[in-house]
Amino acid sequence: MKTPLCELLGIEAPILQGGMAWVADADLAAAVSNAGGLGLISAMNADAEWLRTQIRKAKAMTNRPFGVNIMLMSPFADQVAQVVVEEGIKVVTTGAGSPGKYMSAWREAGITVLPVVASVAYAKMAQRSGATAVIAEGCESGGHIGELTTMALVPQVVDAVDLPVIAAGGIGDGRGMAAALMLGAIGVQMGTRFLTAHECNVHPIYKERVLKAKDIDTTATGKRLGHPVRCLKTPFSRKIMKLEADSSVPAAELEAMGVGALRKAVQEGDLEHGTFMSGQIAGMIHKEQSCAEIIREMMDETEQILRGAAKWIK
Amino acid sequence: MNNFETVAKVLAEYKEIDPSEIKMETTFEELGFDSLDIVEIIMNLEEAFDLELEMHESLVDVKSLISYIESLQAKA
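Keeping their order, the protein sequence lines are chains G and X. When we follow our numbering, the leftmost residue of the first sequence carries the number 1, and every step to the right adds one. When we follow our numbering, the leftmost residue of the second sequence carries the number 1001, and every step to the right adds one.
Please note: incorrect hints may appear among the correct ones.
What the hints assert, rightly or not - If you anchor each label on the Cβ, the simulated ranges turn out as follows:
#1 X:1017 x G:227: 44 to 54 Å
#2 X:1060 x G:246: 21 to 31 Å
#3 G:303 x X:1074: 51 to 61 Å
Stated by the list, open to error - Once the Cα atoms are required to be at most 27 Å apart in a straight line, the calculated DSSO-like pairs of lysine-lysine come out as:
#4 G:124 x X:1009
#5 G:101 x X:1075
#6 G:223 x X:1015
#7 X:1063 x G:314
#8 X:1063 x G:124
Claimed, not checked - Non-contacting residues of chain G with respect to chain X, defined by C-beta distances greater than 10 Å in every case (computed):
#9 85
#10 124
#11 147
#12 163
#13 207
#14 249
#15 257
#16 258
#17 296
Hints in this document: simulated from the structure, not taken from any laboratory. Just so it is clear, CB atoms sit at the ideal spot from N, CA and C, and this is done for glycine as well.
My request is simple: use the sequences and hints to build the entire structure.
Laid out in structure tokens, this is it:
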């Protein structure tokens, strides 16, 4: 199976690994790229030197292309935007804003720019600013989420822009990927599925929580603050939900509780103070696998489903 | 209409409220706008002002919005 995304990014499987902050490091990115997908390093809130070190580490681990996710709200956004150019990165995905101000430098450097969008208006803005394609991410995904589901968002974005669309959010196996292609996407981005990969460095407690999760075990905190985050139900997220419902608790206090909470989950497995970001498909993940196994399984399942889809037509 | 009146009209239409409820000091938080709303509003403002606007984290209230629009008008 090949889609236009394979050619666009120079990859074999039209699967991007989500740019998950604290999770998407050189080890995971290189493993996904070696498996034929596109691995991504998350620049998160880190500075230029951290990112440069990760990029060089990944380069030593794979000869295949990999990308960098840049969170535009990062205090180091200007620096890391420059590092990707200096290090010859060919694919950049962006989150939390509009990449307009970096676009000309990136395009000049031959970088394929893929903004993550959660609405049609965002997608149109990305198109106007010169994006190569957009990643339409539904609210089934883990981490910062919008309002629309992938099922509703992807076809509306496909109709609204003249750019290729990559679907994200709620895609955990070949069924999800086949469905995304049917919605008009040319590929998918998956985050949660890679959380339990052997090559993923999250704390064992984090992996265990994802593996044990059922369908209803994620929730969205931070709605009152205007930036909802999907995460696993844990003692910490339950506490946040309770405080959020209490209007006497000031927003600043809730914001302060969230600071550093993802790191505590990823590095320390701290259930009392950590935010275990995860998408709704956590309930579909039952085993740890290598990135190569994940990508091969995704491709085999998708091909099988797409071949079989003609059975409905009489 | 001056810039403030146009901005107030766009915001009020989006929120389906009376423009008189929009003041110079009104914040997006008070209006209950999240980032998705702000992108929609930016698109509506582009049409109203015939300008190209970008999303910017400094846009948090009516005042910052108007000074941003005025800076672009000065350049145009």
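Now the hints, each set against the structure:
no. : hint                       : result
1   : X:1017 x G:227: 44 to 54 Å : 23 Å, violated
2   : X:1060 x G:246: 21 to 31 Å : 25 Å, holds
3   : G:303 x X:1074: 51 to 61 Å : 57 Å, holds
4   : G:124 x X:1009             : 23 Å, holds
5   : G:101 x X:1075             : 17 Å, holds
6   : G:223 x X:1015             : 18 Å, holds
7   : X:1063 x G:314             : 61 Å, violated
8   : X:1063 x G:124             : 26 Å, holds
9   : 85                         : 20 Å, holds
10  : 124                        : 7 Å, violated
11  : 147                        : 6 Å, violated
12  : 163                        : 16 Å, holds
13  : 207                        : 31 Å, holds
14  : 249                        : 16 Å, holds
15  : 257                        : 18 Å, holds
16  : 258                        : 16 Å, holds
17  : 296                        : 36 Å, holds
Hints 1, 7, 10, 11 from the earlier list are contradicted by this structure; the remaining hints agree with it.
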